[in-house]
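Colleague: Single-letter residue listing:
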Amino acid sequence: MLTAGIDAGSLSTKVVILNQDKIMAYEVLATGIDIGAATKRAMDNVLEKAGISLQDVESIGSTGVGKKKVPYKSVQGTEVVCDTKGALYFYPKSNGVIDIGGENCRAIKFDAEGNIVDFALNDKCASGTGIFLDAMAKALRVKPEEMGELSLQSTEDIEVTSMCSVFAESEVVSMIHRKVPKNNILRGIHKSIASRVVGLANRILLEGNVIIIGGIAKNIGLVTTLNELMNSELTVPEKPEVVGALGAALLARERKE
Amino acid sequence: MATKVTTPGKKNLQTTLEIGKAIRAYYEGVKEAKSAGKPVIWSYGLVPREIFHAADAPVLYLEHLPLMIGAKQLSGRYIQLAEEEGFSRDVCAFHRCFLGCAVAKDRDPYLEKLFVSPDLIIASNLPCMSESKSFLYAADHHNCPYYFLDAPINTWGKDIPDYAIEYFAGQLQGAIDSMEEHGFKVDMDKLKESINLTKKMMGLWNEIDNCRKTVPTPMSTVDGITAAYPLIQLPGTQLGVTLFERLLEELKEKVEKKQGVIEDEKLRLMWFGVPPFYNMGLFNYVEKYGAVVVKSMVEYIAGGAFDPSKMDPKKPLESLAYKALVDIVNPTYPNMVDFIVKAVEEFKIDGLIGVVKRSCGLLPGYMRLVKDAVYKDKGIPTSIFDLDGLDIREYDDVTSKANLDSFVESLLASKRRQ
Ligand code: SF4
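Residue numbers (our numbering), protein chains in the order written: chain B, 6 to 262; chain U, -4 to 413.
Here chain B stands alone, though its shape is the one from the complex:
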């Protein structure tokens, strides 16, 4: 059975095509201002990559903040449910997920049967999310994808204490003026985000085999810092940014069956 999963996120849109249990193709692109258009583009691209047409897809699942705006008839699932399904697909022995997305961060704890035991979502504050890292990258004039590696080259532990991203930016700018080396500032920024994420995970007493997903899971600096601070074995799956979309495809398949 061919199913598709869409994760319409605030910053990026992800689509996955699943053939039975196998990922046939996936696509990730920036959402922009029109969620419907972004989803359509991502779907067209992924169908082309998989060499199939929309009619071949038997069922579609959707998740993410924009799930209600996707221009396809789909089975909708919350991010918590879809992340769990996607995580168990990659690591059947996992018992938790940390998902760090553009504007959201969530920690989920589940049992071996996939029952969600507890979860915590970040509040409306953006610190501890991707958009916070982007703002810091701009302030430091580094590419977001280089931040992680650079932070690992730090020589001194410094603290970024502001929890609010606006104030954190002023704090970072003042460090730049004081000529604090960029690598050290970056390490401080990663520690600040990681401590917010760990706080969320601790709220639900998350430990054990935890996988970390979302685009930010590709940031080696953040994952390293999280590993230092958490009481868990963190694993990054091969395609961390599409786990939610994959979960949506699994949800669609489950409902169809």
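FYI, nobody ran anything at the bench for these hints, they're computed from the structure. Even glycine gets a Cβ: it sits at the ideal position worked out from N, Cα and C. A portion of the hints provided could be inaccurate.
Computed list of chain B residues with no C-beta within reach of chain U, every gap over 10 Å [claimed, not checked]: (1) THR160; (2) THR166; (3) GLU176; (4) GLU262.
Taking lysine to any residue pairs in the SDA-like style, the calculated list, with each CA pair at most 20 Å apart, reads [claimed, not checked]: (5) U:LYS410 <-> B:VAL122; (6) U:LYS410 <-> B:ASP116; (7) U:LYS261 <-> B:ARG260.
Partner residues are not named here, just some residues of chain B that face chain U (Cβ under 7 Å, in silico) [to be verified]: (8) ILE28; (9) VAL80; (10) THR83; (11) VAL85; (12) VAL86; (13) ASN120; (14) ASP128.
Start from chain B and add chain U with the ligand according to the hints.
Modeller: The following block gives chain U with the ligand in isolation, referenced to the frame of chain B:
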């Protein structure tokens, strides 16, 4: 035109609409009394209302006024005014709201209909200490006398010792003396009679609760919160008894016909923390999943947690002392936690929703304890998230709904698997 994300709650019962009318009539009565030259009292929280009814005193209850303002989406404006007056955002939003109302020079027409200035303020540390200072400020602003009822903090557990009852009864006598000093006459026979009426009301409220425990529930907390109003302002009155009798009758009929709030009740939820008064429709939001919020903790804070047989008209002040001190918000952890665990079982709750109001110094502290106890004893999960039920400026519709969606979906998924 701006799109509103908040909606009023959808009520299902005829009697709660009537209670709504009684609320409006009450405020009109206070306003008329003031215009006729009668002095008015301001009070708050768990100060026993029976002493005011026994003096025929018009009273403005300052925990109720903010929620009326909140329901009209006006709370933000008055909270802001209090902040401009110098009150920090960390002060309880209820207090900031009534302080904003108290100091406002320009009141919008809705508040104008409800607002009267005080001639005497009677405050208490039940449910929390914030009152002592907020009310002092209000008393100073309105240049009126102020009496503070000191309630002993529950360090004893379930059985209230005689010394605590005696102490609080003495404090109540002090409040009565202060009222008499300032132009009110407390009729002790009327007070004794009001103890009987309170006893009756509590018996009826317990029966109302029993109806709500049935599956499907005939009454959600949208009606429940309005229905708790007589507990707040009308204890010890015949009107309170009559309204509860009618409500019970209506519920019994629904139970008999197996008429639930929603057609296919799949999940029963309980709300812990301050309800979103400016957006009561949030309770109805979960109904699309077949979920119903059966009960909320605030209904208990209104005074619905005690044994009516303890009401003795021969000992009116002691009875009222018992009623106030036994309340679950008296700051002792085990009582509140045990109470909620028991309610979760009796109301057959599938999930608990706990909302944290950052400016509250009391309730958020309970959340973790309640969450752990309810899970350990009953295997029932709790979702906790930030939501200030009064300060509309703090409300985040997307995050609140994302939390509710995720929680309800995960509960449904677990049910499907069972
Ligand atoms: S208990 Fe909390 S919400 Fe109630 S008055 Fe005190 S601080 Fe405010």
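Colleague: Next, verify each hint and record whether it holds.
Modeller: Structure-based check of all given hints:
no.	hint	in the structure
1	THR160	38 Å, holds
2	THR166	19 Å, holds
3	GLU176	21 Å, holds
4	GLU262	13 Å, holds
5	U:LYS410 <-> B:VAL122	12 Å, holds
6	U:LYS410 <-> B:ASP116	14 Å, holds
7	U:LYS261 <-> B:ARG260	18 Å, holds
8	ILE28	23 Å, violated
9	VAL80	12 Å, violated
10	THR83	4 Å, holds
11	VAL85	4 Å, holds
12	VAL86	5 Å, holds
13	ASN120	5 Å, holds
14	ASP128	5 Å, holds
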